[in-house]
Amino acid sequence: MKSLARPLIALATAAMLPLAACTNSNEDTTEQSSTSETSSQSTATTSSSESKEEKEKEGVAEAKEAFGTLAPESVFEDFDSCEPAGVKNAMDCSGPNVGQFQFSRSESKAASMTQLLTELRSARVVKDTGRAVVGWNTLGSTAVITVVDNEEGTVLQQMTSTDQKDPEERIEELDLLQAPAVVESEKKQAASSEASSSAATESEEADAQDQNDGDDQNDTASDS
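Residue numbers (numbering that gives the first Met the number 0): 0 to 223.
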């Protein structure tokens with residue numbers, strides 16, 4: 000019996016070896032498959048995240064190109080997303096420090112907002128260069144800060160609570176008076192004023208010279 004048992008044990012052991020090898024192989028395959036799936040999911044997540052970031056950057060770049068005259072560079076640099084708004088030719092932008100803005104392109108809206116800011120009793124104008132108008136109007140405890148570029152037909156607006164921040168302080172905080180539309184039109188105004196002043200001075204000098212020439216002629220006639 001003992002001699003028979005030993006071959007049986009050896010046979011059983013030999014039969015188990017392929018099963019063990021097969022089990023280890025299956026475990027390795029499962030582990031490799033799991034690792035591959037995790038890697039694929041990670042790659043897909045990274046790709047999706049990168050795609051979203053690219054779209055957000057493209058949106059900010061698009062907003063800056065279309066509405067760059069309405070706010071200084073610092074405002075656009077803070078935006079982390081800009082998307083089409085629910086109305087035509089408008090975009091909503093937001094940033095962690097500057098908050099939410101709406102930009103729109105409409106000559107009729109630019110004209111109406113200019114009229115509202117300059118004529119409505121509940122509105123205040125901080126700067127009016129003709130081309131650019133910066134100010135706000137109030138609706139209850141909410142102030143709507145507005146920048147208009149009448150030359151481009153574009154409008155920037157941001158809503159803020161008057162209980163939390165004075166609108167004029169908010170305008171200064173955002174540095175909106177340094178918007179290209181404001182700065183450029185102020186430079187043109189200064190150049191135009193200087194040119195007018197120079198022309199007036201030249202005219203006065205010419206009149207004075209004519210007067211002197213006339214006096215000299217009168218003196219000559221008297222001597223004769």
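Worth flagging that the hints you see were computed from the coordinates, not collected in a lab.
Every residue gets a Cβ at the ideal spot worked out from N, C-alpha and C, and that includes glycine.
Check before you lean on any hint, since a few could be wrong.
Claimed, not checked - Below, in silico cross-link-like pairs of lysine-lysine (BS3-like), each with a Cα-Cα straight-line distance of 25 Å or less:
no. : residue 1 : residue 2
1   : Lys-51    : Lys-63
2   : Lys-187   : Lys-126
3   : Lys-108   : Lys-87
4   : Lys-186   : Lys-63
Said to hold, decoys possible - Computed beta-carbon distance windows for the label pairs:
no. : residue 1 : residue 2 : range
5   : Thr-161   : Glu-57    : 34 to 44 Å
6   : Asp-206   : Leu-176   : 32 to 42 Å
7   : Ser-195   : Gln-114   : 24 to 34 Å
8   : Ser-121   : Glu-76    : 26 to 36 Å
9   : Ser-191   : Glu-53    : 23 to 33 Å
10  : Asp-206   : Glu-167   : 27 to 37 Å
11  : Asn-211   : Glu-168   : 21 to 31 Å
12  : Ser-140   : Glu-203   : 46 to 56 Å
13  : Asp-209   : Thr-117   : 52 to 62 Å
14  : Ser-105   : Gln-163   : 28 to 38 Å
15  : Ala-194   : Asn-96    : 34 to 44 Å
16  : Glu-167   : Ser-111   : 30 to 40 Å
17  : Glu-201   : Gly-98    : 47 to 57 Å
Q: Report the numbers of all earlier hints that the structure fails to satisfy, in ascending order.
A: 9, 10, 11, 13, 16
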